[in-house]
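J.: Please arrange chain D on chain H, whose structure you already have, making use of the hints.
For the protein sequence lines, the chains are H and D, in the order given.
Just remember that the numbering used here sits 4 ahead of the position in the first sequence, which is counted from 1.
Just remember that the numbering used here sits 4 ahead of the position in the second sequence, which is counted from 1.
If you are wondering where the hints come from, they were derived from the structure by calculation, not from laboratory data.
From a predicted model like this one, the values you see are computed outputs, not experimental measurements.
Yeah, the Cβ is synthetic: ideal placement off N, Cα and C, and Gly gets one too.
Hints should not be assumed to be uniformly reliable.
What the hints assert, rightly or not - Under 7 Å between C-beta atoms, here's a sample of chain D residues computed to sit facing chain H: (1) 47; (2) 49; (3) 52; (4) 60; (5) 95; (6) 106; (7) 109; (8) 110; (9) 111; (10) 112.
As the list claims (entries may be wrong) - A short list of chain H residues far from chain D (calculated; beta carbon distances all over 12 Å): (11) 56; (12) 68; (13) 69.
Now for the letters of each chain:
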Amino acid sequence: DAKTTQPNSMESNEEEPVHLPCNHSTISGTDYIHWYRQLPSQGPEYVIHGLTSNVNNRMASLAIAEDRKSSTLILHRATLRDAAVYYCILRDPIYNQGGKLIFGQGTELSVKP
Amino acid sequence: GAGVSQSPSNKVTEKGKDVELRCDPISGHTALYWYRQSLGQGLEFLIYFQGNSAPDKSGLPSDRFSAERTGGSVSTLTIQRTQQEDSAVYLCASGAGSSYNEQFFGPGTRLTVL
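Next comes chain H alone, as it looks inside the complex (with noise of 0.2 Å):
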């Protein structure tokens, strides 16, 4: 799986919107673009995964850049329960028949009230 680079954390106000970035330049064409976070004390959740085209599910929105080699997750509304590492994962289906997921450092987002 191809390798991705966040930034190491970025901070939000409280019910204001947050764009985080990842780039992944390297990412090949049957790659995946998964989204985790990790509440503090807690293990990993999913947030979002798409491949190509942009995704919603009601915890956030995935925008996938036309060239694939950039993503943004979009939470629309930041609460203090936001507050977490967020991980970008590439995953591809073709050479990693498990599904295993590769952490990168992740973002890790802190809200303001």
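T.: This is chain D only, laid out in the frame that chain H set:
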């Protein structure tokens, strides 16, 4: 429904002792993963089960580490002759059907080796 559960939640052991960590996945999930999270290494993959077999053991750090899964359900991670560098949070995750479905993580077992 019930999520992934792990036991014990905390384990303190002395260097050189063996420990067993247990994971109960979500019922019906065929895929099961073990990861560990330590301060120096971040979150790292250890082993993957599909049913009772482990097609990917590439993350196990040494032959002191082993894992098994029985009945396509419960899994046990065993660490023999524990070392201080084994201190970490050990996380289990399970997934349904396709390995590309989302993984559901348990709360982890915090292992401290004195």
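J.: None of the hints should be skipped; say for each whether it holds.
T.: For each hint, the structure was consulted:
About 4 Å separates the beta-carbon of residue 47 of chain D from the nearest beta-carbon of chain H, less than 7 Å, and the hint is met. Below 7 Å, beta-carbon pairs count as interface contacts, and residue 49 of chain D has one with chain H at about 5 Å; its hint therefore holds. A hinted interface residue such as residue 52 of chain D counts as satisfied when its beta carbon comes closer than 7 Å to some beta carbon of chain H; here the least separation is about 4 Å, so the hint holds. The closest approach between the C-beta of residue 60 of chain D and any C-beta of chain H is roughly 5 Å, which is under the 7 Å cut-off, so the hint is satisfied.
Proximity of residue 95 of chain D to chain H holds as hinted, the smallest CB-CB distance being about 5 Å (cut-off 7 Å). Taking 7 Å as the C-beta contact cut-off toward chain H, the hint placing residue 106 of chain D at the interface holds, the least distance being around 4 Å. Here the hint on residue 109 of chain D is kept, as its CB sits about 3 Å from the closest CB of chain H, short of 7 Å. Because the closest C-beta pair between residue 110 of chain D and chain H is about 6 Å apart, less than 7 Å, the hint holds.
A hinted interface residue such as residue 111 of chain D counts as satisfied when its beta carbon comes closer than 7 Å to some beta carbon of chain H; here the least separation is about 6 Å, so the hint holds. This hint holds: residue 112 of chain D has a C-beta 6 Å from the nearest C-beta of chain H, less than the 7 Å allowed. At roughly 15 Å from the closest C-beta of chain D, the C-beta of residue 56 of chain H stays outside 12 Å, upholding its exclusion from the interface. Once the 12 Å rule is applied to beta carbons, residue 68 of chain H is consistent with being away from chain D; the minimum gap is 17 Å.
With a least beta-carbon separation of about 22 Å from chain D, residue 69 of chain H lies farther than 12 Å from that chain, consistent with its non-interface assignment.
Violated hints are absent here; each numbered hint is respected by the structure.
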